[in-house]
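Peer 1: Next come the chains, spelled out residue by residue.
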Amino acid sequence: MANEPTIVDAVPTGHDDNLRPKRTLAQNLKRFARRKPMGAISAFILILLALTAIFAPVLATHDPILQDGPGRLQAPSAEHWMGTDNLGRDVFSRVIFGARISLEVGFFAIGLGTVFGVSIGVVSGYLGGKLDLITQRFVDVLMGFPFIILAMLLVVALGASLLNVGIALSVAIVPRVIRLSRSSTLTVKEEMYVLAAFTVGVSLPRMVFIHILPNTLGPVFVLATGALGGVIVAEAGLAFLGLGIPPPTPSWGGMLNVGARGYMEAAPWMVLFPGIALSVVVFTFSLLGDALRDILDPRLRRGGS
Amino acid sequence: MQKYIARRVILFFPTLILASVLIFGILRILPGDVALAILGQESAEGGGGFTEAQIHNLREDLGLNDPLPVQYGKWVWSMLNGEFGGTSIRTNEDLDDIIGRRLPVTLQLALYTIVLSMVIAIPMGVFSALYQDKWPDYVLRITAILGQSMPNFWIALLLLLFMVTIVGWSPPLGYVNIWVDPWQHIQIVIWPALILAWRFSAYVTRVTRSGMLEVLAQDYVRTAKAKGLSQRLVIQRHSMPNALIPVITLGGLEVSTLLGGTVILENIFGIPGVGQGLVEAATGRDFPVVQSLAMMLVFFMLALNLLIDIAYSYVDPRVRYS
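Protein sequence lines, in the order shown, are assigned to chains A and B.
The working numbering puts the first residue of the first sequence at 919, with every later residue one more than the last.
The working numbering puts the first residue of the second sequence at 404, with every later residue one more than the last.
Think of the hints as simulated: they come from the structure by calculation, not from any bench.
None of these values were measured; they are calculated from a predicted model.
Using N, Cα and C, we set each Cβ at its ideal position, and we do this for glycine too.
Hints may contain errors.
Stated by the list, open to error - Taking lysine-lysine pairs in the BS3-like style, the calculated list, with each CA pair at most 25 Å apart, reads:
| # | chain 1 | residue 1 | chain 2 | residue 2 |
| --- | --- | --- | --- | --- |
| 1 | A | 1048 | B | 406 |
| 2 | A | 1048 | A | 1107 |
| 3 | B | 628 | B | 537 |
| 4 | B | 537 | A | 954 |
Stated by the list, open to error - A few chain B residues that face chain A, going by a derived Cβ cut-off under 10 Å, partial list only:
| # | residue |
| --- | --- |
| 5 | 473 |
| 6 | 664 |
| 7 | 670 |
| 8 | 690 |
Model the full assembly from the supplied sequences, consistent with the hints where possible.
Peer 2: What follows is the structure, given as structure tokens:
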């Protein structure tokens, strides 16, 4: 959060924002809430979600993997708020713990993918030439792959585990990050301060990582926020197909998996609640992404859609 | 324009080669031995052990004893010959049979989806633009946002649940080809196509809407109105053709999402397409099948994108000269 003002200032705003005194974080948040109520609501929901994930052991009413033969397929009640599944596990507790898995995988994949993508994109954009050309061909090809198929191939190759699913999904977002950070590097490269740094004779790593990279992060940050929802759905999709994090770990996609389908008619709550959780998360992440984009990129402020 | 098309066609081949290297490479980064992994799984299932000779034989069968470039070369050569790299490890079925059986099913599904979404989305986008910021616009936009944020497999489950519990009807289980029994075919295929189309049309609606808004603000549209043309003519003849250009180009990008979606939905509705085969093979660690089916999907995606680019250059004269 410390470098957030830098991010905002890095984008030409078209207003006189730069002339005004720097706002504190609290003032910034207040402004954000006033200008983008939907964005603020979604940020609030996501904070709740993060808290849910962190305090899952406290919030859960039951052990999420404890099976209970006689108590299977129970309808929602005071004891089991969202009912029980085909193995007698408490659906509410599993949804709570599922938030953990989704967020863990989501943030890990986005973090890893962003670090890799930005490093490659910035270097490729700054150096240009053959290296850039080759990188761009690779990016084109990777962009062409359906996201889920690329992730699937990687999971098959690496084996399914929390770490590997995260890695697979991070690879899937890397090309988009590369493309974006490369294009912002091309703009930043022309700035006076880069020329100044060059004249002073800073080393290549210092130039790339200290002078250029921080100034390209704004749009990447937006992309990453928007993509988080997509990554979480992809994780759920893999788990749904039986290629995700192996059971009994409670994950939303896994809860919707083949296991649940046979019991869907008898116990609709088994598919209802994890799906609602997933949809809400994806929806809020895309809302937040949109709000951030509008704020960071004034060119889109009057966008037609 | 020939030059533009020629350039796109020439670029197509390196992209294809890179894609094949990538697929091949990813499936070779497995830490450990594929043959061992397969035998380990088989013997765990069968309860018995396996011998050194078995490992060697399997490695030989899979061509794993060759150096990587040779393996890659053999795979590409067999694809060019239409054999697609031998047989499935699990079922021993020839890969060209598997692909011949599965590919048309998936392409059909993709085609239905595209047609359905065009039929639904273009009028919706135009309508939305004409009623900008009035309630029909909001309803359509919210529907579109829902289509984009609800995971397609969850929509599918809800739909099945709804049909079984409330309507009391569920789609027939056995997939049949459209030539055999069109009615049963449609009863099965319409649902995944509709679900995929929801998402795809969410996107088409958005692009059509903003395209229309832009065009409607143009001077020549005002001129057309001013000279007394009917509303219908202004929209159909003067506005829509120009508004729809971005739908074509940007549609290419969404095709990959669409094909990704078929993978999941085929598995839910029991449609024996490439996606279902891919998941089956992936779960069973059937590497030759995974490799070739993935390659096929990517090939068709790239080919579709090429076609779209070419179509674009016909539709939009500005492209030809750039």
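Peer 1: Of the hints given before, which are not true for this structure?
Peer 2: Hint 5 contradicted; others consistent.
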